[in-house]
Amino acid sequence: MTTTFAPKIIGTSSPATRILGVLSIIGLIALVVFGLVISPADFELGETIRILYMHVPTVSVAYLAFIITGVGSVIYLWKRSEFWDLLAASAAEIGVLFFGLTIFNGMMWGKITWGVFWRWEPRLVTTTVLFITYIGYLVVRSIPTDTRTRGTVSAVIGIMAIVNIPITHKAVDWWRGLHQSSTIFATVDPDMRGTQLFSAYLGLTVFLVIFAWLLIHRFRVAWLSERARGIGLDEAIAARRAEGSFS
Amino acid sequence: MSLSTVAGARLVARKDLRIEQHSRVALAQMLPFGMLVLILFAFALDPSRDVLTRATAGLFWMTVLFTSTLAVQRAFAVEVDDGALDSIRLSGISAASVFLGKVSALVIQLLVLEAVLALGVAILYNTDFGGWAMLVAVTLLSTIGMSAAGATYGVLVSRLRHSSTLLPLLLLPLLAPVLIAATKGSEVALGQEAGQSWSWVALLAVFAISYLVLGVVLYRPLLEET
Chain V
1 MTTTFAPKII GTSSPATRIL GVLSIIGLIA LVVFGLVISP ADFELGETIR
51 ILYMHVPTVS VAYLAFIITG VGSVIYLWKR SEFWDLLAAS AAEIGVLFFG
101 LTIFNGMMWG KITWGVFWRW EPRLVTTTVL FITYIGYLVV RSIPTDTRTR
151 GTVSAVIGIM AIVNIPITHK AVDWWRGLHQ SSTIFATVDP DMRGTQLFSA
201 YLGLTVFLVI FAWLLIHRFR VAWLSERARG IGLDEAIAAR RAEGSFS
Chain S
1 MSLSTVAGAR LVARKDLRIE QHSRVALAQM LPFGMLVLIL FAFALDPSRD
51 VLTRATAGLF WMTVLFTSTL AVQRAFAVEV DDGALDSIRL SGISAASVFL
101 GKVSALVIQL LVLEAVLALG VAILYNTDFG GWAMLVAVTL LSTIGMSAAG
151 ATYGVLVSRL RHSSTLLPLL LLPLLAPVLI AATKGSEVAL GQEAGQSWSW
201 VALLAVFAIS YLVLGVVLYR PLLEET
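Order-wise, the sequence lines are chains V and S.
Residue numbers for the first sequence follow my numbering, so the first one is 1 and each next one is one higher.
Residue numbers for the second sequence follow my numbering, so the first one is 1 and each next one is one higher.
To be clear, the hints were calculated from the coordinates, so they are not data collected in a lab.
Model, not experiment: these values are computed from the prediction.
Treat the hints with care, since some could be wrong.
[Said to hold, decoys possible] Derived CB-CB ranges, DEER-like: (1) V:115 - S:27: 32 to 38 Å; (2) S:116 - V:42: 35 to 41 Å; (3) S:119 - V:108: 45 to 51 Å; (4) V:195 - S:128: 57 to 63 Å; (5) S:87 - V:239: 36 to 42 Å; (6) V:16 - S:209: 30 to 36 Å; (7) V:232 - S:51: 33 to 39 Å; (8) V:233 - S:51: 58 to 64 Å; (9) V:224 - S:209: 40 to 46 Å; (10) S:86 - V:104: 44 to 50 Å.
All C-beta atoms, glycine included, are put in the ideal place defined by N, C-alpha and C.
With the sequences and hints as input, model every part of the structure.
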């Protein structure tokens, strides 16, 4: 007897993620309009202030992602729940993506402002060191091993890395002579007014929505991947058993 | 009967040091490697002694950092090869003791390596040593910090595939603040740079304490799972 196996196609979207997706697209369009068209150039930073509307949100979201990874790692070691392991890993992946974007737009700002892509600017250096730290986390996640070992090992790295963030910040700040007055890596400038300030906060809000959207999808993909691993294993065991019964 | 944490740690440290006493890997391989790196820096930068003297602290700590990854790798290779870690786990020694023992053995080995490398730096780079209290504080705290982070990551990667290439990728970014603080603290101690020297010592102390505490807490799940 032959059995037909019709795989059930499972998506990762839900009404909530569809709303987040629509909000992300509308928000991005609004940010482009406000950031590039409506808001004026800055008195000091000139046109480069427009990079800030993307830069501050990407770095903020990346740090939020790494905090989620750290918290998820602690709770995983405590509760041993797959949910927290996968949430921590999903957040780290998105954090690395946003850190990559942060370094990229920081270098673009550097090229315009300083004439070079790279200067040993404290925030750029810190971001790059932490970026490599979390790449290590993702590399460890990608090494084939059993789920529990992978969860434990990556949780430890997640905790070690989050503790290292303030220490690295302080070390790099002091190394480069503490604080610089004009830097793209400053938080939203208190001198901003009107549409500039609105664009800055709009950028933060939009990127938070995008982050939530990506995180939910990435988590669901990770969850389904784990289920698929289980299905593959069950099928392999069933096939081996069938071989045994016919031989 | 379970041993106290300190007694267990002492046993593990003595075991590691005894293995080193017999195998002499640190003496015969890591030390020549460290000296070689010091010489290679001279080739890469400039034979002019000025450049080397000015960069002494940074080059010294870079060398220590590279050598420490070898020391960490070695410290856990001896445990994994013959399944020795399983035996330690079964012996009733607590995870915190294993961690503290490993850290102690690493600290002692690295301090010896650092002393010889410092002598090498004094001769090869023509460095005048001074500010001894500061130098000792920086060296001790850096070594404890490196060893604590190294011992945690060492056991972590020991049972994963590609552990030899994985360890530097994980460990070196984590130790970046140690490299910065140790270099700057040493430069201030040597009188090569002005600054608040004890703030670097404080940063190193925060790093060392943080990773000692994390290691004590996290070693148990690591030993159970890896």
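Checklist line | Violated hints - listed by number, lowest first | finding: Per hint list: 1, 2, 6, 7 violated.
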